[in-house]
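Participant: As a plain string of letters, each chain reads:
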Amino acid sequence: MKFFTFLLLPFIIFAQSNNPDVIIRNLKNEFNKVKDYSVDVNIKVDVSFLKVPEMNAKIYFKQPDKIHIQSEGFAMLPRDGLYTSPLSFLKNDYTAIYVRDEIIDGSNASVIKIIPLNDKGDLVLTTMWIDQKRNVILKVESTTKTNGTFTMDLNYGDNKYPLPSSMLFVFNAERSKLTQFDRNDENSKKKKPQMISGKVYISYSNYVVNKGLPDSLFEQKGKNNSNISSDVH
Amino acid sequence: MIKLINIELYKIFKKWRTYIGFIAIAILIPMIEFAISFEGTRSLNFVTREIQQTFIFVGNLLNTYFVSYLILNSLAIHIPFLITLVAGDLLAGEATAGTYRILITRPISRFEIVTSKFIAGMIYTFLLILWLAVISLGLGYFLFGTGELIVLKSGSIIVLAKNDIFWRFLLAYGFALLSMGVVASLAFLFSSLVENAIGPIITTMAIIIIFLIISAINIDIFQSIKPYLFTSYMNTWSSFFDNPIDTTEIIKSVSILAAHIIVFFGFTLFIFRQKDILT
Chain L
241 MKFFTFLLLP FIIFAQSNNP DVIIRNLKNE FNKVKDYSVD VNIKVDVSFL KVPEMNAKIY
301 FKQPDKIHIQ SEGFAMLPRD GLYTSPLSFL KNDYTAIYVR DEIIDGSNAS VIKIIPLNDK
361 GDLVLTTMWI DQKRNVILKV ESTTKTNGTF TMDLNYGDNK YPLPSSMLFV FNAERSKLTQ
421 FDRNDENSKK KKPQMISGKV YISYSNYVVN KGLPDSLFEQ KGKNNSNISS DVH
Chain P
100 MIKLINIELY KIFKKWRTYI GFIAIAILIP MIEFAISFEG TRSLNFVTRE IQQTFIFVGN
160 LLNTYFVSYL ILNSLAIHIP FLITLVAGDL LAGEATAGTY RILITRPISR FEIVTSKFIA
220 GMIYTFLLIL WLAVISLGLG YFLFGTGELI VLKSGSIIVL AKNDIFWRFL LAYGFALLSM
280 GVVASLAFLF SSLVENAIGP IITTMAIIII FLIISAINID IFQSIKPYLF TSYMNTWSSF
340 FDNPIDTTEI IKSVSILAAH IIVFFGFTLF IFRQKDILT
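So the protein sequences, as listed, match chains L and P. Going by our numbering, the first residue of the first sequence is number 241, and it counts up by one from there. Going by our numbering, the first residue of the second sequence is number 100, and it counts up by one from there.
No wet-lab data here; the hints were simulated from the structure. Some hints here could point you the wrong way.
Each pair of labels, with its calculated beta carbon distance range [claimed, not checked]:
1. P:F133 / L:R265: 49 to 59 Å
2. L:T367 / P:F133: 49 to 59 Å
3. P:F133 / L:G452: 40 to 50 Å
4. P:A134 / L:N282: 33 to 43 Å
5. L:I344 / P:F133: 52 to 62 Å
6. L:Y447 / P:S354: 31 to 41 Å
7. L:K353 / P:F133: 51 to 61 Å
8. P:N317 / L:K268: 31 to 41 Å
Note that the coordinates shown come from a computational prediction; the quantities given were computed from them, not determined experimentally. The beta-carbon is built from N, C-alpha and C at its ideal position, and this holds for glycine as well.
The following block holds chain P by itself, in its conformation from the complex (with noise of 0.2 Å):
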């Protein structure tokens, strides 16, 4: 299964298009973190104006730490497109460059195929948040440096203490990783329907965009809804840095996006069995 694999990775890293979302990534954040150290604290002033009437704020809350945070925030609708890119052509790939017979007639399993394919699609996702966090926290840190996190909620403010934040952040990229894993194994799955790459990674994204267009408006038939999205529990993220950590809603969240990996992975591995290769 190893060898699998890592057939499996040469395949991915072998084209380009994998390099896109860890090319975007190390453009765009570095351009965010360069406009927000430009900008200096004066975004961080404003929306922190009507705290700042009762408390004098002193000391460096403009680090690594708020700028990740506020990067990871930002990035939680984008970086799915990235991770589409790659997860829809997994085996679509294959139709398209007419290469499922020569797959099939090896003396593999479609199980063994199906599973090596999506634990390669979740290694390249795995990278791409391992990515996206090295080059958020470490650039952040060299232009930055560290220091207390400050969290504005809707109703609250919440402050951590320097030496309290890292291991939220390694949770919170492994919550994303999750998150992402979703989406990675949905666009799996609508790439074991069709024979083209560009029909998961439309549809796949199409899906979220619906789902998080639902869930923001404001209209009650559309929030009785929301509970069914697997969108409504990706920013669950952010819940690391609440203090106290609410463990019930982060369990609640892991086992729904852990639920739908399984479920969609279970679906393409039936269908995949099914699947009449024709190509």
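One chain only, chain L, in its complex shape (with noise of 0.2 Å):
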């Protein structure tokens, strides 16, 4: 008997949960594990119709939403794809439904998708792809009410809390929505509506955590900062 428990051991260990409950539970656990951090994002933006160079923020976050941004120079990070805490996707009251399991890049992962509730937030269906082993997202696809599509690709390298290295954030978008500046532009409003794909590769380095930001970070204002609220869907 003990020979094949011990046989089984591994298997019981690492065992994967088919109940979405427990998955998002143990996905929040260990997230809660970080109470702050603050980290230095190189941001690169491939999009069609807009042009612009590398950019370096520095973000800080602290638990439960709090996050402040700090840039030395101009830098713009995707509203949905500053992914800061998985709980973003998860704040509002939803419900949650296990569709099945995955290979993504080698590792296994529960597809979960999460049907909110309510009208609060600005998601209307989110699938997570999430690694049990490591309870870390590796992929989000969502589709909101007023920005269309996105994706996330994430990856979590050797970091040893659940925090990404790098991201690859896709979204679609209604092109005219997003470059139309000036409201009697004729030749814009007769332009048939055009969605457009967009990429932003976001890698993260120098990762500081559990040192306790004061409070008092996420209330600077200034040309060079942001604060804002990680409920950002």
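Make the complex out of the two chains shown on their own, each in a separate frame, by following the hints.
Facilitator: Listed below in structure tokens is the structure:
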């Protein structure tokens, strides 16, 4: 009997749950080990109508949803793709449905669909690929009310905490909506709405975790600062 | 020739109307920059509100480059008037003052007279554009500092890195000088035809306004005329803020504007050499 238990031990330890609530609870518990962090980000934007140089910024995060961004120069970060916490997808009331297991970049991931129960947030439907071994999100696919659809592919490298080392954010949006600066521009009014796809590569480095960031940091205002709520969806 | 140019410059800067352009810029630009400074990022946020729904903006976009770009964009129609005030008076002014005959009796050729006046007019144009650049960028630097430049064009957004902007401004102001050179040479041409400076000033401005209106109206027949109007190429300075820069478009515009200057100067020279001086 002991022999069989020994043989089954790895399967018992790494047992994959099919219960979405358990999967999400484990994900939350893992992330809650992070009380606060700061990280340097490098942003590369690849959008046909948007020509911007590589940008650098520093992001500060404090539980539950405080975010502060600082940049020496100008930086533009995707509002939906500013991944600071997996909890930002799970703030409002929702129903979670386990769909299946899939292999993502060699890792086994459970596919969970998150359906909001009210109209409070901007998210209509979110699908998350969760690695139950590390309790991290590997991929997110989401449809929003106002900003079209987006996907996030997250890599974690050797991070001790469940924080990404790089992310590819792909979004689809209506081009005319993003580039119509002049309300009287007759040419842009005549054009049919054109959906465009854009990519934003974000690499995260120099994580400083659980060092006790002061609340005052998240109240700083100035031309090189931006304070936002993590519930950007 | 240099002595002649110096004399012409002395004549230009002796007249107080020459300083109207410099005073106007010295009043208008600070007014615009202080107003923008007072308004803060509100106006910038207004034009970028749609893109800010998708992207979070961090950093100083309201800086001297953005403000100078805005000023250069909005003054393209008004600066020509300040140029014509002086260029329209270069030859007609001599007729009005009755000094044509004295000038012609000096031991200098008519070619030298026209050329020296033309070069003096171009120096005035250069100084006015230089003044515009210094006031825009200089005052903007003290009020807003420097930073990246966001260029909002119909259908695209370009953000230029801080260290990739100043040279573009130098070239854009250089191009503006060429554009204003066309205006100056046109006013100079009309100046050779009449004996009062008011005529060249009004005629040049009327031509520029008519050309700009034709270019702006979205009717097929006007759009087909557009490539033949020199005003269509005067806004090409903004191409220096594209990424990548459309050099073919810039070379084409520079060639067309330079050709206009040469043709207008050539006609002026021809007219002045044939001119029967009666005043």
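Participant: Taking the earlier hints as the rules, which of them does this structure contradict?
Facilitator: 6, 8
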